[in-house]
Each structure stands twice: as structure tokens, then as C-alpha cells.
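**Student:** Please take these sequences and the hints and turn them into a complete structure.
Residue numbers (the working numbering), protein chains in the order written: chain L, 1 to 140; chain R, 1001 to 1120.
I should point out that these hints are in silico values taken from the structure, not numbers from a laboratory. Just so you know, even glycine gets a beta-carbon here, dropped at the ideal spot from N, CA and C. Treat the hints loosely; a few may be bogus.
[As the list claims (entries may be wrong)] With beta-carbon atoms standing in for the labels, derived distance ranges:
| hint | chain 1 | residue 1 | chain 2 | residue 2 | range |
| --- | --- | --- | --- | --- | --- |
| 1 | R | Glu1002 | L | Gly100 | 42 to 52 Å |
| 2 | L | Arg84 | R | Gln1095 | 34 to 44 Å |
| 3 | L | Gln20 | R | Lys1004 | 18 to 28 Å |
| 4 | L | Asp97 | R | Arg1049 | 55 to 65 Å |
| 5 | R | Ser1048 | L | Gly89 | 17 to 27 Å |
| 6 | L | Asp117 | R | Lys1034 | 36 to 46 Å |
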Amino acid sequence: MAASLRVNIVFAADFRSVDQARGTLLVLCRGAFPLQQEAVSDFCMAANEAMNNAVEHSGCSLLEVELHADDQSMTFRMSSDGERFDPTGSAAMPEPDELGELPEGGYGLALIQEFVDGMAYQYRDGKNVVTLVKNINKGV
Amino acid sequence: MEIKTEMVNDIVVLNPVGNLVASSVELLKGRVEKLIEKKFRFVLLDMSRIDFMDSSGLGSIIAANKLLSASSGALACAALQEGVRKVFRVTRADQRIALAETQSEGLLLIQQRMIQGNGR
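**Tutor:** Rendered as C-alpha cells:
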């Protein structure tokens, strides 16, 4: 990409708004990195899970999302009010139970950690701030 | 997301269109619950027009699979796009839920389960 990209989106904390935000991120990232579609797809999947987690677990009312992209990486930073919620702890992929049945939930954090290269969390001024970074492999 | 339904050789083929995500998962689970109420136990989910699936979407497929298995039925998913297939692979759900490359292969897979007498 020739220049860096920086976009801010603020939206109500509900799943439909998350859908719209994810769609916007996908369009912007695909446009910025047309040759790195898998990295873009992974990045947007992780961002989607982070936004879903905020809506589902923190009881927030608003989400503020910042996308920054340059030649090296894509960065997603999300600020949300609501309960403190740290998604950076160890999150193993859920295992089947003793009957061999998979659990229906609990995959979100593990998927985030699988799909991005860096993840950070801060609780700042009463807000959860989650940062996800996906490196761009220019050789691909 | 919307879900179109058709019958092929006593198998219900569900054709969801759009994104299988947190905002739409109740639709799939609700549709499968209604099918079971009406005694339809063998379901193929044609995912060729699912562009994006998140962990909630995966959870709804796992839930549908459990419901159908508990009713001595079966579920298979067919024609996954690469991003959707990756979610199955990374979560290892592909080891527990029957996947097929095409709708035709998925129908064959379910017919084999029908011949075996149940979904297991």
C-alpha cells in the first residue's frame, strides 16, 4: 500500500452494528491489501470476535474502533465502556467432553489468539482497550 | 441471513445465504428445531453461500448437530468457502461434524447415515 490508513468508527454495542463494522473493516483492509486476502480474513475474524465479546460480556453501550494499516501491519484498537473484560489470558481451544461432544461456545478468545500476531489489553479511564495486530507478509 | 429449504431424497437441504454470525444464529437453530418437531431428522447444510462464519455461527452448527444426533438423525455441512473451512479446521470441529466438498457428496454422506439407521 502506498500510504497508511487510519479510520475511526463509533457505534452502538449490538450484534447488528458489529456486522456493519466488520463489513467496513473488511472492505477497507481488502482495498489496502488486495494480495493478502488470508491475512485480511484472519484479521477481520479476530476483530469480529473481539467486538462480539465486548457486546456479550462487558455490558458496554458504545464501541469505538480504530483501524490503522501501513506497509507492515494492520492494527485494530477497540475501546468500550462497561465491565472490565481482559481477553488476553490463556485461552485454549475447547475440547470435546467425555461423550465426544464439542461445546457450543468458548471458541472466541482462542480464535482471536490464533488469527492475530499480537494482542494487548488495558483498562484506561473506565474503558476496556483491546489492541490486535496482524503482520503483513509481503512475500505472499 | 436467510435460509432456503428444499427436499432431496428425504433429506432436508438448508441453503443459508449471507453471514452465519452472532446476530443470526438463532435462525439456524430455530429452523432445525422446527424440522425435528416435524420428524425431519436428516439435514444437509449447503454452506456455499455463507461468506463469513464466526464462533457463534460455529456454535449454532454444533448445537444443530447435537439436536439431530439426539433424534437419531444426522447433519452434514457441504461446499464450505475457505474462510469458513478454516474456522472448522482451527477449532477441530471438522473432526466431529461431517463435511463434504459438494452438495452431492454431502447428500451421499447423509444417505449412508440413513442406511446405517441413525446419525451415529
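**Student:** Compare the structure with each hint and give your call.
**Tutor:** Hints, one by one, checked against the model:
| no. | hint | verdict |
| --- | --- | --- |
| 1 | R:Glu1002 to L:Gly100: 42 to 52 Å | 33 Å, violated |
| 2 | L:Arg84 to R:Gln1095: 34 to 44 Å | 35 Å, holds |
| 3 | L:Gln20 to R:Lys1004: 18 to 28 Å | 24 Å, holds |
| 4 | L:Asp97 to R:Arg1049: 55 to 65 Å | 32 Å, violated |
| 5 | R:Ser1048 to L:Gly89: 17 to 27 Å | 37 Å, violated |
| 6 | L:Asp117 to R:Lys1034: 36 to 46 Å | 43 Å, holds |
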